[in-house]
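Visitor: Read off the chains here:
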Amino acid sequence: MREEIITSGRLNPHIDPYLEIWHWQIPLYLFLGGLAAGILFFAALYTILGKEDKYPGAVRRAPIIVPFLLVLGLFALFLDLKHKLFFWQLYTTVRLQSPMSWGAWTLMAITPLSMVWVALHIREYFPKWDWKYDILKEIEAFLVKYKYYLAWIIIVYAVILGIYTGILLSAFNARPLWNTSILGPLFLTSGLSAGAATIILFAKSEKERILFAKIDLLLIVIELFLIIHLFMGFLASTSVQIDAANLFLGGQYTAPFWIFVVVLGMVVPAILEIMELKHIKVPVIIPVVLVLFGSVMLRFIIVFAGQMSRWLY
Amino acid sequence: MRYAMAIDTKKCVGCADCVVACQTENNVPIGYCRDWIVEVTDGTYPQLEIELRSERCNHCDNSPCVRCCPTGASHYEKGGIVVVTHHKCIGCGACIASCPYDARFSHPDGYVDKCTFCIHRIEKGENPACVAVCPTKCMYFGDLENPNSEVSLILKKRKHKTLIPEAGTKPQVYYLI
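Chains as they are written, first to last, in the working numbering: chain A, 1 to 313; chain B, 1 to 177.
These are computed hints drawn from the structure, not numbers from a lab.
No experiment lies behind these values; they were computed from the predicted model shown.
Listed next, the in silico DSS-like pairs over lysine-lysine satisfying Cα-Cα at most 27 Å (straight line): (1) LYS128(A) x LYS54(A); (2) LYS88(B) x LYS82(A); (3) LYS88(B) x LYS84(A); (4) LYS161(B) x LYS78(B); (5) LYS51(A) x LYS145(A); (6) LYS78(B) x LYS88(B).
Required output: the full structure, derived from the provided sequences and hints.
Guide: Below is the structure:
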């Protein structure tokens, strides 16, 4: 038998009895950032492939929500800071070893880029839109001419944004649940899946809906594979990671994770999407909402459960 | 220069004088602490073994908190002491999550706070407050690179360990066992 107690009564708020430093703001931002990355990825991808006219939902229509997602996410991040008035210190230095520094600079680049993208396609929503000043018209003409290159820049930033949301957590070896390099690809795939699902809502043609249902289906399968891989890795690792995995395999996060994330967020929408591909009528909103719900829950559960996993000494 | 601390678990009685001294010296807000006492009991009655440890930031050589800080507020001072510059800290909590020892906390004023090895006292040539007040003199502080410092000599003489070295942090608070 072994008992360890802190006899001098360490009860630092948000540290003891277990870490609670990150609340709803961080997982919400991780979701919004991942979703924004997913939408921008497909918008840029189909521009690069030259299929803009074939898939206008992905390229022109869906990205309109991206600046709102990113601004909301940035606001959530700001709310998370405890020393708020010093937030600008993020932009006084570049720290290559800090994923958070990478994230801050990526957001600084991709937020205005997403706004530019929306401005270029504003006529999709307001056909009579006209820029008031000549300079804006000239800038627009310039950007339209080089849109292909703009798409390449956006796709690179979208992948960095999507993958960094996972790397942010996996860089912490102090929290065994987060300390796995699978989290980067898992969060990227989850973000792309959420993006593909959202694009289904904005799609105009049956053909586009079916394409993105297929893409989403593929991404869900990859996600399930990564989740199995995640647990295989944990169970074959050190005792602290086995303990972390047990939070989901019998521990207190078992029910929320497997029911909300895996069944409701992945398996059910996958079945509904297969039914749709087989031409059985399903209201499209149901799988989309379920995928987004699963994506949100994945981040909340991983962030909260990760803070409970620790090195015992 | 490499500052380090050695704490004798055989001499420590767990009085928590170091905890109170730190709170007074560093004006630690009520309800918080930068150092604390851990009591480990092994075995079943009547075969029991107790280890008492005064714990604090380990001022690691490979500090995850310094690595993940996005602004450079968490940094190494002379002698490897890990310090947070208050006016650079944005309170994002990354360093708190990155510390396997949970040695950091969010100060009510917003910035992140932790043990500084009493750097303001070291600069004057004094020992950290916890070391200075210890009634059993179970703590040793000094420069590891100086072979004749108190801490180097005791580490040469006695068996010792560090906390979770397998986390790869290279902690610099040694426990004599």
